[in-house]
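Novice: Turn these sequences into a full structure, and let the hints steer you where they fit.
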Amino acid sequence: MKKAIQIDVSDNVATVTSDVNQGETVEVLSPDGDVIMKPRTRDAIPFGHKIALNDLDGGDRVVKYGETIGVASRPIRTGEWVHTHNVESAVVPTSAFTEECS
Amino acid sequence: MTEFYGYERPDGSVGVRNHLLVIAPIDCSYEPAKRIAAQVEGAVAVTQRHGCGLDEMVANTLIGVGCNPNVAGVLLVGLGCETLTSEILAKGIEPTGKPVEIVVCQRDGGTLKTIEKGTRILQGMAQEIAELRREPFSVSKLTLAVECGGSDATSGLAANPATGVAADMLIDEGGTAIFSEPQEMTGTQHILAGRAVNERVAKAIHEMIDRQERRMKAMGVDSRFMSKGNIDGGLTTIEEKSLGAIRKGGTRPIQGVLENSWRRLERPTRGGLWLQDGTGWDVPSVTHMVAAGAQVVAFTTGRGSTTGHAVAPVLKITGNPETYARMADNMDINAGTILDGSESLRSVGERIFKTIVEVASGRKTKAEALGYQDFTVFSRSRIAEHLLGFC
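Residue numbers (this note's numbering), protein chains in the order written: chain D, 1 to 102; chain Z, 1001 to 1391.
Derived from the structure by calculation, the hints contain no laboratory data. Beta carbons: idealized from backbone N, C-alpha and C, even for Gly. Be aware that a few hints might be false.
Pairs of lysine-lysine residues, derived as DSBU-like cross-links and limited to a Cα-Cα distance of at most 30 Å, are as follows [unchecked claim]: (1) D/LYS3 with Z/LYS1228; (2) Z/LYS1091 with Z/LYS1117; (3) Z/LYS1366 with Z/LYS1034; (4) Z/LYS1034 with Z/LYS1364; (5) Z/LYS1228 with Z/LYS1217; (6) Z/LYS1034 with Z/LYS1091; (7) D/LYS2 with Z/LYS1228; (8) Z/LYS1034 with Z/LYS1113; (9) D/LYS3 with Z/LYS1354.
A few chain D residues facing chain Z, derived, Cβ under 10 Å [claimed, not checked]: (10) ILE5; (11) GLN6; (12) VAL16; (13) GLU27; (14) PHE47; (15) SER89.
Covered stretches of chain D, as calculated for chain Z (at least 3 residues, CB under 8 Å) [as the list claims (entries may be wrong)]: (16) 48 to 54; (17) 60 to 67; (18) 73 to 84.
Specialist: Right under this line is the structure:
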């Protein structure tokens, strides 16, 4: 089964370690290597990208490395792909980069 | 309590290596310095490339490296007319109590006589240090420098967090860890300041990162810029990008920001995690953390860096299994086992900690076994710093 790594026990996102298809089940491993959940992905998620481990409301903190990496810009459900389309930086608007990149 | 086997120095510090350091204070005398070092077992010659003026930041760094406990003895090889003289460096290193000697080409009769005199002095030092024996010490005597270079998408996912576990383990046993590269902390001022032990340290963290952002802005670079490659690779915000780098230092409270300037080069004054106001350029970043007293370096890489260091063992850790397979001659630790779930972050971190202790006790890293002697001193333009209002 494909894996996702939770880097800190307080993280509400995990990073997938291979490309994952929509609807596939992934094993989420804690920092100690325990399988903490097996969510079904709601989106295709590329290698190195993040999957939501909880349901989040818009404005909720997105936590990775045990720290806030941004806030949800709209509700996010467990198993969803978490990226620039649903997260905003607290420091530099993510849209500033995505517009330049598109 | 975890112990390692090291060499006790007269000032009570503990070296993990017994290097003889030959320093040319100016590159004009680097040739004789190299030839002297080449003739004596365990000797390594270094210099700096910042000109003949008295750059105190360069002087502080060379003195710091000379004071590093991995250095058993120092020979200074000067030209004679340089502003940064051998005597200035000797005065800075002598308080450690280790042997410090000087030869100078213009005083000692040119290249051949200087080489002869210098080689004889160094030969004597090599005979004496051969009698030193390793003894057991607590890892609380260790200072670990943590560096990353040639990063890729696996760095923030595997190698850096696992190395952070090892840094936490060292600190929890009373040891010390340092990391630098302030441009990689951009956008996380508030997060790092929140981990500071007090308000003064929190302010110093803000100031260090703000200064670096302003230097880069003056060069026309927006340090908070996220490239298309960053975003395609899965990095969503600048906080996430910087945290991936910062995590290599672990999660413990930040004790202070070590100044690294013409005014002073600070060393950690107690155990715990410290930041250095240094550079993101790999070899000088390592050199300046070694100058601040680090005896061992943990270096994470994704694409595969090959560098070592003149006086400190550099342990290469990659989270990319393909890099580990392709560059097995350079990589000491495969953290890529985290990706397929065959090993946990914690257990790779424990493996890194165990290897750090083995390397501190004498096991050679791959870069050492290949004879790597990287060394670069960096400095800052005082004119630019003045114009930016930093001095």
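Novice: Look at each hint and say if it fits the structure.
Specialist: How the hints compare with the structure:
Restraint check for D/LYS3 and Z/LYS1228: satisfied, since their Cα atoms lie roughly 25 Å apart, inside the 30 Å limit. Taking the CA atoms of Z/LYS1091 and Z/LYS1117, the gap is near 21 Å; set against the 30 Å cutoff, the hint holds. For a cut-off of 30 Å, the pair hint linking Z/LYS1366 to Z/LYS1034 stands: about 23 Å separates their Cα positions. Taking the CA atoms of Z/LYS1034 and Z/LYS1364, the gap is about 23 Å. The hint holds against a cut of 30 Å.
Our distance criterion of 30 Å between C-alpha atoms is met by Z/LYS1228 and Z/LYS1217, whose separation comes to about 20 Å. Distance check on the hinted pair: Z/LYS1034 and Z/LYS1091 sit about 22 Å apart at the alpha-carbon level, within 30 Å; holds. For the suggested pair D/LYS2 and Z/LYS1228, the alpha carbons sit about 26 Å apart, so the restraint of at most 30 Å is met. In summary, the hint linking Z/LYS1034 to Z/LYS1113 is supported, as the alpha carbons are separated by about 15 Å, within the 30 Å threshold.
This hinted pair checks out: D/LYS3 and Z/LYS1354 have alpha carbons roughly 26 Å apart, not beyond 30 Å. Look at D/ILE5: its Cβ gets to within about 6 Å of chain Z, closer than 10 Å, so that hint holds up. For the restraint placing D/GLN6 at the interface with chain Z, the shortest Cβ-Cβ distance is roughly 9 Å, inside the 10 Å limit, so the hint holds. Look at D/VAL16: its Cβ gets to within about 9 Å of chain Z, closer than 10 Å, so that hint holds up.
The beta carbon of D/GLU27 is positioned within 10 Å of a beta carbon in chain Z (closest approach about 7 Å), and the interface hint is therefore held. Given the 10 Å rule on beta carbons, the hint for D/PHE47 holds: about 7 Å separates it from the nearest Cβ of chain Z. Evaluation of the D/SER89 hint against chain Z yields a held restraint, the C-beta minimum of about 4 Å falling below 10 Å. Chain Z is given as covering the stretch 48 to 54 of chain D, and this holds because 3 residues of the stretch bring a CB closer than 8 Å to a CB of that chain, at least three being needed.
For the stretch 60 to 67 of chain D, the proposed coverage by chain Z is satisfied: 5 residues have a C-beta within less than 8 Å of a C-beta in that chain, meeting the threshold of three. Check on the stretch 73 to 84 of chain D: 3 of its residues sit with their Cβ under 8 Å from a Cβ of chain Z, so the three-residue criterion for coverage holds.
Checked against the numbered hints given earlier, the structure satisfies every one of them.
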